[in-house]
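First to last, the protein sequences are chains A and B.
Each residue of the first sequence is one higher than the one before, starting from 1 at the first, in our numbering.
Each residue of the second sequence is one higher than the one before, starting from 1 at the first, in our numbering.
To be clear, the hints were calculated from the coordinates, so they are not data collected in a lab.
Here the structure is a predicted model, which is why all the values come from computation and not from measurement.
You may find that some hints are simply not true.
To be verified - Now the in silico label distances, taken between C-beta atoms and shown as ranges:
#1 A:ASN132 x B:ASP141: 26 to 32 Å
#2 A:ALA255 x B:ASP131: 34 to 40 Å
#3 A:ASP242 x B:PRO108: 47 to 53 Å
#4 A:ARG22 x B:SER7: 36 to 42 Å
#5 A:GLY170 x B:SER7: 55 to 61 Å
#6 B:ASP141 x A:SER226: 25 to 31 Å
#7 B:ARG81 x A:ARG22: 21 to 27 Å
#8 B:GLU80 x A:GLU21: 18 to 24 Å
#9 B:PRO134 x A:ASP122: 41 to 47 Å
#10 A:ASP134 x B:VAL47: 42 to 48 Å
#11 B:MET127 x A:ARG128: 30 to 36 Å
#12 A:GLU21 x B:THR67: 33 to 39 Å
#13 B:ARG81 x A:ARG126: 34 to 40 Å
To be verified - Residues from chain A that keep clear of chain B, each with C-beta distances beyond 10 Å, as calculated:
#14 MET1
#15 ALA104
#16 GLU108
#17 ASP113
#18 LEU133
#19 PRO178
#20 PRO227
#21 GLU250
To be verified - Which bits of chain B does chain A cover? Going by a derived footprint, with three or more residues having C-beta under 8 Å, they are:
#22 53-67
#23 104-117
#24 120-133
Cβ coordinates follow ideal geometry from the N, Cα and C atoms, glycine included.
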Amino acid sequence: MIVSGGRWEATSSSVRGSAHERDGRPNQDSVRVVDVGGSAPGLVAAVCDGHGGDRYVRSDVGSRFGTEVACEVGRRFLAAFGDSSDLLELGSRIRERVVAPIVARWGERVMDDVMARPFADDERTRARTRANLDDEPKISYGCTLVLAIAGPNWVALVQIGDGDITAVDGSQARAPMPVDDRLVGGETTSLCLPTAVGDARIEMLGEPLPEILLLTSDGYANSFASPTWRSDIATDLGRQLDDFGLEHAETHLPAWLSESARAGGDDVSMALIRRRDADAAPAAVGAAMRSQSELLVHPRSGASISGLQRPHRSRTAWLAALPALIIGLGGGWVLGHSGRDVTDPPSASTALDPTSAPETEPTPTTVASPPATAPSATPASTVPVSSAPTATDAPALDPSGQPVALGGTAGVAWVLWFDPSVPQPSSGEVTFVQEVRSSQPALPLRLTALWRFDGAQLCFASLPCFPAIGVLWPGESPSEPDLVWATDLRVLRSFDPASGDLLGCAVVIGSTNESGGAESDPLVPQVTTPATEPGGDQPEASAPENTTPADGGPVTCEPVPTDITTPALITAPLEENG
Amino acid sequence: MTERPGSTVAARPLHFFIVADCSGSMASDGKMQALNNAMRETIPHLVEIASLNPHAAVMVRAIAFSTGARWHIEQATPVERLVWRDLAPEGYTDLGAALDLLAPQLGPPHMEARALPPAILLVSDGMPTDDYRPALARFLDEPMGRAAARMAVGIGRDADLEVLERFVSSPDQGVFNANNPEQLVRMIRWASSHASRVASTLAPPSRAVAALSADDVSSPSELIW
Numbered sequence: 001m002i003v004s005g006g007r008w009e010a011t012s013s014s015v016r017g018s019a020h021e022r023d024g025r026p027n028q029d030s031v032r033v034v035d036v037g038g039s040a041p042g043l044v045a046a047v048c049d050g051h052g053g054d055r056y057v058r059s060d061v062g063s064r065f066g067t068e069v070a071c072e073v074g075r076r077f078l079a080a081f082g083d084s085s086d087l088l089e090l091g092s093r094i095r096e097r098v099v100a101p102i103v104a105r106w107g108e109r110v111m112d113d114v115m116a117r118p119f120a121d122d123e124r125t126r127a128r129t130r131a132n133l134d135d136e137p138k139i140s141y142g143c144t145l146v147l148a149i150a151g152p153n154w155v156a157l158v159q160i161g162d163g164d165i166t167a168v169d170g171s172q173a174r175a176p177m178p179v180d181d182r183l184v185g186g187e188t189t190s191l192c193l194p195t196a197v198g199d200a201r202i203e204m205l206g207e208p209l210p211e212i213l214l215l216t217s218d219g220y221a222n223s224f225a226s227p228t229w230r231s232d233i234a235t236d237l238g239r240q241l242d243d244f245g246l247e248h249a250e251t252h253l254p255a256w257l258s259e260s261a262r263a264g265g266d267d268v269s270m271a272l273i274r275r276r277d278a279d280a281a282p283a284a285v286g287a288a289m290r291s292q293s294e295l296l297v298h299p300r301s302g303a304s305i306s307g308l309q310r311p312h313r314s315r316t317a318w319l320a321a322l323p324a325l326i327i328g329l330g331g332g333w334v335l336g337h338s339g340r341d342v343t344d345p346p347s348a349s350t351a352l353d354p355t356s357a358p359e360t361e362p363t364p365t366t367v368a369s370p371p372a373t374a375p376s377a378t379p380a381s382t383v384p385v386s387s388a389p390t391a392t393d394a395p396a397l398d399p400s401g402q403p404v405a406l407g408g409t410a411g412v413a414w415v416l417w418f419d420p421s422v423p424q425p426s427s428g429e430v431t432f433v434q435e436v437r438s439s440q441p442a443l444p445l446r447l448t449a450l451w452r453f454d455g456a457q458l459c460f461a462s463l464p465c466f467p468a469i470g471v472l473w474p475g476e477s478p479s480e481p482d483l484v485w486a487t488d489l490r491v492l493r494s495f496d497p498a499s500g501d502l503l504g505c506a507v508v509i510g511s512t513n514e515s516g517g518a519e520s521d522p523l524v525p526q527v528t529t530p531a532t533e534p535g536g537d538q539p540e541a542s543a544p545e546n547t548t549p550a551d552g553g554p555v556t557c558e559p560v561p562t563d564i565t566t567p568a569l570i571t572a573p574l575e576e577n578g
Numbered sequence: 001m002t003e004r005p006g007s008t009v010a011a012r013p014l015h016f017f018i019v020a021d022c023s024g025s026m027a028s029d030g031k032m033q034a035l036n037n038a039m040r041e042t043i044p045h046l047v048e049i050a051s052l053n054p055h056a057a058v059m060v061r062a063i064a065f066s067t068g069a070r071w072h073i074e075q076a077t078p079v080e081r082l083v084w085r086d087l088a089p090e091g092y093t094d095l096g097a098a099l100d101l102l103a104p105q106l107g108p109p110h111m112e113a114r115a116l117p118p119a120i121l122l123v124s125d126g127m128p129t130d131d132y133r134p135a136l137a138r139f140l141d142e143p144m145g146r147a148a149a150r151m152a153v154g155i156g157r158d159a160d161l162e163v164l165e166r167f168v169s170s171p172d173q174g175v176f177n178a179n180n181p182e183q184l185v186r187m188i189r190w191a192s193s194h195a196s197r198v199a200s201t202l203a204p205p206s207r208a209v210a211a212l213s214a215d216d217v218s219s220p221s222e223l224i225w
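Make the full structure from the sequences, and use the hints.
Pasting the structure below:
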């Protein structure tokens with residue numbers, strides 16, 4: 001079947017591997033392509049590869065869930081942002097608006113399936129593990145994800161785990177995704193891991209868009225004797241599509257993939273996406289996009305900005321009970337070593353390269369371990385300035401009724417706190433309050449998300465994880481300069497996203513959930529007079545005494561005045577410094 | 001034109017490494033000859049396994065360790081073309097040297113990116129005479145070292161089974177102790193076959209290794225090591 005949407009058309013196929021045929025395993029791959037209509041038509045394509053080990057007794061089901069959820073989320077993203085041409089802005093939204101919802105909804109599908117179909121005795125036997133499958137059901141459904149959201153003038157690429165994305169222009173082929181050098185020896189990251197959102201690699205492609213995009217499970221690449229398989233494919237496939245069209249590929253794709261599945265033994269899947277207007281002249285916006293991305297990913301201050309745009313590879317200290325990587329030899333190798341087969345002139349793309357790091361960011365420890373082996377703890381690398389409190393200085397957070405985050409753009413303050421009406425020992429409802437800018441009446445918008453603390457991280461079901469010592473919250477207004485805010489609940493700091501300069505700071509004083517007065521909300525922190533950064537200028541007003549208990553107990557919060565919606569309290573230190 | 005785009009497709013390489021103790025103690029009681037005989041008898045079984053898993057191209061390499069370590073079969077040899085050349089005993093038991101010779105072979109350029117995790121069989125009759133632990137750590141630091149299907153056979157009562165357990169993939173089921181030549185033949189054959197079979201299944205080594213049969217273990221023999 002050929003799917004058409006806007007400038008794109010695609011076909012797909014999936015074939016069970018010969019090794020799986022011999023040992024009676026199902027095809028653990030899944031592939032799906034959907035079209036998106038509306039004002040910004042396009043396509044969404046996804047390939048998922050279920051892990052092949054004994055433990056992953058339902059990975060074929062998991063991979064099907066993966067492609068269904070990914071296409072659904074991708075379709076919504078394209079419908080919402082297809083008209084945008086700001087690659088940088090779009091790229092900054094992908095992890096929050098695409099990856100996190102996919103991971104969350106995939107998890108929900110898994111849990112629903114387990115509820116409806118509890119693990120059977122034969123599955124428990126096949127799993128060959130002493131662990132109870134019910135303790136971590138998602139692992140049994142584990143799979144990788146390769147996703148493309150193809151819009152009118154951009155393509156968003158997302159990848160969790162092994163598999164490949166190949167971009168073809170003429171006779172040239174390239175691998176646009178950043179390399180994840182952890183993916184060797186059959187080990188892969190996965191949708192089933194708690195680090196899935198942070199593990200995702202993201203790449204935005206702008207004009208000129210590739211003529212052909214191939215999304216493949218790793219069984220395809222592993223079937224070729226030559227490491228230069230991409231360039232070989234580019235030459236042959238491009239010619240066939242030019243001469244015979246996509247219908248020809250649709251007809252013969254199953255047979256082509258069957259050869260690979262027979263030779264290499266693994267399941268093989270491909271989504272073949274072709275740009276219908278391959279002869280059209282592209283818009284030349286690449287250079288500007290690239291320079292902006294370089295600024296954004298290499299701030300002088302380090303992780304506070306780039307941390308939003310790179311996999312949270314360092315934030316794995318809380319995985320003591322789970323493997324950071326899964327051996328998923330339903331695929332096997334990725335091209336971590338061979339990298340890009342053909343060097344192309346750089347196209348307009350926003351490189352969100354997890355392997356690059358700003359100079360000031362500590363290099364996270366690579367964690368790669370087989371199942372049932374605890375990975376080594378890695379340090380959090382989220383301290384935005386060298387003088388900021390470190391993770392060891394951060395106060396213990398009380399999840400029962402404690403503000404945990406402040407943020408916003410210039411003129412908009414966001415406060416995030418827990419809803420004590422849903423107290424749970426390890427999870428609960430997180431209430432977000434989004435204060436609209438001061439020129440409008442305050443319209444607190446309460447959103448909820450399941451949360452949990454894991455060591456030094458605050459994790460949400462539908463958002464990226466945040467280190468508990470700091471919250472990164474870029475503004476959402478593309479029309480004005482965004483500020484980046486970070487807090488450890490004692491000091492709130494703001495940064496210039498372009499330069500990484502510290503713009504201002506203020507002491508945060510809060511209270512516990514014991515009410516301080518009927519008219520006041522005890523959960524909203526108060527931002528008061530600015531504090532003095534070590535080495536900085538002394539403000540005119542003396543900083544209030546920090547109410548953090550000496551023993552490192554919960555930060556107390558006092559009621560906040562309603563004029564927190566005005567920028568004055570938060571931005572006053574900015575004006576002094578600005 | 002229906003020709004498949006792209007270049008040649010082929011079975012994935014599966015490197016099978018034999019790491020054999022050739023120390024002086026292997027000369028006593030015919031242990032070295034028994035090991036050589038066992039390898040010759042194992043090759044047809046490896047060929048059979050390869051034929052049952054056509055997606056895996058089994059390639060054999062061998063390291064001999066005594067005083068230091070050296071290649072016995074350096075070039076990866078298709079199992080169908082393998083002719084076993086006898087190992088000869090002399091010297092100490094430098095297991096660390098063997099692991100340091102092996103570890104670099106588990107990554108590029110020696111091991112293809114598309115290769116299946118290797119199968120490795122370690123055979124020894126005694127305690128290592130060098131400081132093998134750092135070398136073992138380096139070996140297990142290699143992703144393909146960790147992913148490999150690792151089995152071990154200890155020969156005789158002086159074999160250090162604890163050391164072998166540190167090497168194998170599944171400590172409670174991956175170490176065998178052969179006490180006579182007949183047992184050695186069966187165990188080498190079984191361990192080699194199993195390691196190759198597991199490595200070729202596109203799945204990580206199972207923690208629950210199927211046990212040897214009673215016949216494989218209790219082989220009557222006049223010679224006891």
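Verification of the supplied hints:
no.	hint	verdict
1	A:ASN132 x B:ASP141: 26 to 32 Å	holds, 31 Å
2	A:ALA255 x B:ASP131: 34 to 40 Å	violated, 56 Å
3	A:ASP242 x B:PRO108: 47 to 53 Å	violated, 35 Å
4	A:ARG22 x B:SER7: 36 to 42 Å	violated, 25 Å
5	A:GLY170 x B:SER7: 55 to 61 Å	violated, 18 Å
6	B:ASP141 x A:SER226: 25 to 31 Å	holds, 29 Å
7	B:ARG81 x A:ARG22: 21 to 27 Å	holds, 24 Å
8	B:GLU80 x A:GLU21: 18 to 24 Å	holds, 23 Å
9	B:PRO134 x A:ASP122: 41 to 47 Å	holds, 44 Å
10	A:ASP134 x B:VAL47: 42 to 48 Å	holds, 43 Å
11	B:MET127 x A:ARG128: 30 to 36 Å	holds, 32 Å
12	A:GLU21 x B:THR67: 33 to 39 Å	violated, 49 Å
13	B:ARG81 x A:ARG126: 34 to 40 Å	holds, 37 Å
14	MET1	holds, 19 Å
15	ALA104	holds, 28 Å
16	GLU108	holds, 28 Å
17	ASP113	holds, 22 Å
18	LEU133	holds, 15 Å
19	PRO178	holds, 17 Å
20	PRO227	violated, 6 Å
21	GLU250	holds, 12 Å
22	53-67	holds (count 4)
23	104-117	holds (count 8)
24	120-133	violated (count 0)
Checked against the numbered hints listed earlier, the structure breaks hints 2, 3, 4, 5, 12, 20, 24; every other hint is satisfied.
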